[in-house]
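Participant: Which chain is which? The protein sequence lines are A and B, in order.
Residue numbers for the first sequence follow this note's numbering, beginning at 1 and rising by one.
Residue numbers for the second sequence follow this note's numbering, beginning at 1 and rising by one.
Since the hints were made in silico from the structure, they are not lab data.
In this text, all values refer to a predicted model and were calculated from it rather than measured experimentally.
Ideal Cβ placement from N, Cα and C applies to all residues, glycine included.
Each statement offered as a hint is correct.
Derived pair list, reagent style PhoX-like, types lysine-lysine, alpha-carbon separation capped at 20 Å: (1) B:Lys250 / B:Lys337; (2) A:Lys129 / A:Lys28; (3) A:Lys28 / A:Lys8; (4) A:Lys119 / B:Lys191; (5) A:Lys107 / B:Lys250; (6) A:Lys129 / A:Lys27.
Partial selection, computed: residues in chain A whose CB lies under 7 Å from chain B: (7) Ile17; (8) Asp18; (9) Leu21; (10) Asn24; (11) Lys28; (12) Gln67; (13) Ser98; (14) Ser100; (15) His102; (16) Lys120; (17) Pro121.
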Amino acid sequence: MSVLPYRKIMLVDDNPIDLFLNRNLLKKNGMDAFFIEFTGGGLALEYLIDHASQSDKLPDLILLDIQMPVMDGFAFLEGFRDLRSALAFVPELFILSSTSNHDDIRKLRSDPLVRRILKKPLEVDLLKKSLGIES
Amino acid sequence: MARDKIKVLYLDDEVENLNAFKAGFRREFDVQVANNSKEAFDLIQTARPHVIFSDQRMPEMTGVEFFNAVRQIYPEGIRILLTAFTDVKDIVAAINRGNIYRFVSKPWNEDELRNTVLNAYEIFNTRLQLQLKVAELEKANEDLNRFIYSASHDLRAPLMSVLGLVKLARYEEVDPKSLEYFGMIESSVNKLDLFIQNIIEYYQNSRDLSEEREIDFAQLIDDILENSRFHSSDPRLQFHTEIEAPGSFKADEFRLRIILSNLISNAIRFQRPEHLKPEVRIHVKCNERRAEISIEDNGIGILQEHMQNIFKMFFKAHPQHSGSGIGLYIVKEALNKVEGEISVSSTPNVGTRFSITIPNRA
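Work out the full structure, taking the sequences as your base and the hints as a guide.
Facilitator: Here it is as structure tokens:
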């Protein structure tokens, strides 16, 4: 297990290949953690609701995809916004998406819940830099 | 077959007029009559008449006032005033404001009135067709936008997975041959991704929508440099960015982004692989009238004979390179939309410098 402050990382992405990929890119780049993975915004939100008061179950960090069927990243963010005050602590949230849609990016950038927008494929160094972790 | 007849409503406070109107036109048209405005409003709501006649002089309100109100609730109906008084100022004003299609003088001539109804109905129909076409077109545009939005995601997302998987595979693989193949896969995927992004930019630029915003050049250029399409670029590459923007600068952000990202992407991609100090210099200088931006590289340059063609669609000065052949074409198109200008100077094996000016909309 890593000594990093981010021991539990939630990955939300509708593509299982990307879940596998992001988990492994994080592991290979010194961010091994306990991974909590979901293929949709709804399932991820449900998990957070179910474990809202259990700080040992909540992720320290969330990497969220945007374009997903059923519940997309924007809908997840709305749910997360309402849920925030009920959480034992609020995880850091990053967007990890291949979107090149400027309207989406502008919307995400002005959202105070979003720490940063990362583009796929994941550059773990950029994530670390944002979190203030030495590479 | 009452449904196929032209529906006509006539409002008049004099019952004899209503009866005469009915008698004259009931066989040809689907005629409804009202002798007060309340009744007329009810009939408008239920029957949606194509053509509405009204007397001007009535006790509770004038015909002009009636039509002003009708226009608010049912603008589609063609409104015609029937009056014996043709010199009234407010009638003329109402016609000029478009509240009344025309007026017919009383007593009416039956043939003239029949023609008036037929003409009015034609206008009603033409407007209706036009409205339907506009709605159809709006829907088609919306569908196309939605299609582009999801197509761009569905095309690009798997490509980014491939790039990620190659990245991951690099950690496992040490065989130099395989590593070389990985590099080729990456550059092919990047080439395809650039092409997809250019196609989308071309489409978005061709639409006339434009939204002017305050531009933060530092942020914009940072964004562009961070864009995934440059991930595989040479680590030796140095960027020098200098921005002088003392006041407010407003422009169409989307098009400015298209212009800068394509020029910067070119400056990065057309480097000389053997060069020890590849560089890209970006210089922005704004004043209250315009921004002058230059993007300069010390790359392979452009041959003099190609200079006049570089802004043409699908022209490639360096066919072996990973260009889409539409980047500079899109730059030119986007500059046309923002009323900007571009000039270029280049020396083969020394470098290229693009200079653009964009008017300040602040």
